Amino acid sequence: MSASLLQIAALPENSPKVNFHGLDALWFQVGGTVCNLWCTHCFISCSPKNHSFEFMSASEVGRHIEESITYGVKEYYFTGGEPFMNRDMLAILEHTLQNGPATVLTNGILISPKIAARLREIVAAKLYTLEIRVSVDGFSEFTNDAIRGEGSFRRAIEGVRNLVDEGFLPIITTMQSWDESDNETVLAKFKEVLAGFGYSRPRLKIIPPLRIGREIVRYRGYTEGEYLTPEMMVGYDDRQLLCSTSRTITDRGVYVCPILIEQPAARMGNALAETFKPFPLYHQACYTCYLAGAVCSNFNPGRDS
Amino acid sequence: MDFGEPDFKRIAVFGGVYNNYLALQALANALPRHRVDAVFCLGDLGAFGPHPDRVFPLLEKHNIQVVQGNYDNSIGNDLNDCQCGYTDPRDNYFAQISYDYTKTNTHREFKNYQRNLPPEIRFNAHGKKVLLCHGSPRRTNEFLWESTTPTHFLEKICKDYQTDLILTTHTGIKWQRRLSDGKLFANVGVIGRPENDDKTNVWFSIVHFVPELRVEFVALEYDFQQLAKEMKEEKLPDEFIQTVLTGWWTTCLEILPGKERVRGKF
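Here the protein sequences line up with chains A and B, keeping their order. Oh and the first sequence: position 222 is 222 in our numbering, straight run, nothing missing. Oh and the second sequence: position 260 is 1260 in our numbering, straight run, nothing missing.
Treat the hints with care, since some could be wrong.
Below, a sample of chain B positions facing chain A; criterion: calculated Cβ distance under 10 Å [unchecked claim]:
#, residue
1, 1089
2, 1139
3, 1143
4, 1146
5, 1149
6, 1157
7, 1260
Simulated from the structure, these hints should not be mistaken for lab results. Every value quoted in this text rests on a predicted model; they were computed, and no experiment measured them. The beta-carbon is built from N, C-alpha and C at its ideal position, and this holds for glycine as well.
Using the sequences plus the hints, can you model the full thing?
Here you go:
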């Protein structure tokens, strides 16, 4: 049986449920599934031709931000696809940062000197922080371009350099495609390489591989035993999981998290308010979040003390 | 813990002693000038500095009421780590050195004291409902930075926790924000280490309840050279000592939001 079939066949009937502890983070699939790259590890198979989800407009995002104020949302995330392909992106950030901190997940390629300068202007007048997470897979063209496409390393680094020139400290996000025991070595090499490009105090975030989407073909899918059981949740602080305090808004409804938007069962409703309820951790990707915590957040919230 | 309705006109509040008993002594020396009615510490008595047991007698002598921080919960319960909430390997490496040192050098009596500290203190003063806690009212180790904490979030927790004034610490950098209906939020800062601003002083807060509610941040000088000397004698990491001597943070940086991080040197 192939790994992709296992993802469907292995759905346990007695999936544990994650509680909903209030809406702390609101994600927007602002770039849809449309991307200017065709990465071999993309967990939602984004590409220039994938229009399963479309861009969200500034007015659409703005409406949801106004609503989110009632719920006391603490932070806003923007992902895709590639968010900067959305022509409304700068206007969206301008409005969001009037209300709270924002994070954009980008491949960096469209961050020209002009865009970086405009981002600096936007954030300079605001109380709240703008975090820009640039995905770079490995510290060399060799490792990155094999996953993200030819020339993508050079172009991403140019984006990073443009941001650094404008006073940003972008978070370089990289999927762990090496053995965990090599983390320290890889991080050290990453820092050395980025310093060589002028980023002298880089911030780095390692994300574990999510074995869905194209990653199934690139490396592997989940194995038969990699799913959650009710017993595994005993004594586990479920506030570590993104889905306990977050929802993802797309142009096609509200989903439990940004990882599962291609899974119909992960669509929780049309309106935010109807999604404030427990959710079954039925998908094998939930297993990765269980082990690693809120992998998509800038910082994991940590265990309650 | 509810203190009822004391007739406080002014109180002193500080966070994060981090074993810096020299700063705590300097604070005690400064208190008479401020004519405060009570003194509160928002937790994290240990970490970073030398000689944990030198903090306890000062707290007792000056009748300082203490809220339990994540560090106090860990030390008091003999846990294996500080529950600071760091996620970066380097941050955790240095946090663990600090934690192991503090745990080893804290007397059992002081550990028992820390274990029994209250997670929050409440009282009413001059018509204002006050809530003192470590990270946030909802989680001891929640980081509330100025650049990542929306006003509408603060309004909501004031409502949820039925309070007019929330005082926290945990991040190590002070800030405050006026809210609607005369409500106020303040992160009171810490006296244990400088604020990542090229200055060697630390900070505490004076809360004024009359004639109107306001929080005043007060710079506190102390003998940082002596602290650095004792840290060296105790073989604490040079990275920590450099922070004391220069005012720049050298560790536990990855948890900082971009806006706060970019103001620092590292």
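Structure-based check of each hint:
1. 1089: Since the shortest Cβ distance to chain A is 7 Å, the answer is holds.
2. 1139: Result: holds, 6 Å to nearest chain A Cβ.
3. 1143: 8 Å, holds
4. 1146: 7 Å, holds
5. 1149: Nearest chain A Cβ about 7 Å off; hint holds.
6. 1157: With Cβ-Cβ at 7 Å, under 10 Å, it holds.
7. 1260: The hint holds - residue 1260 of chain B has a Cβ within 10 Å of chain A, the shortest such distance being about 8 Å.
Checked against the numbered hints given earlier, the structure satisfies every one of them.
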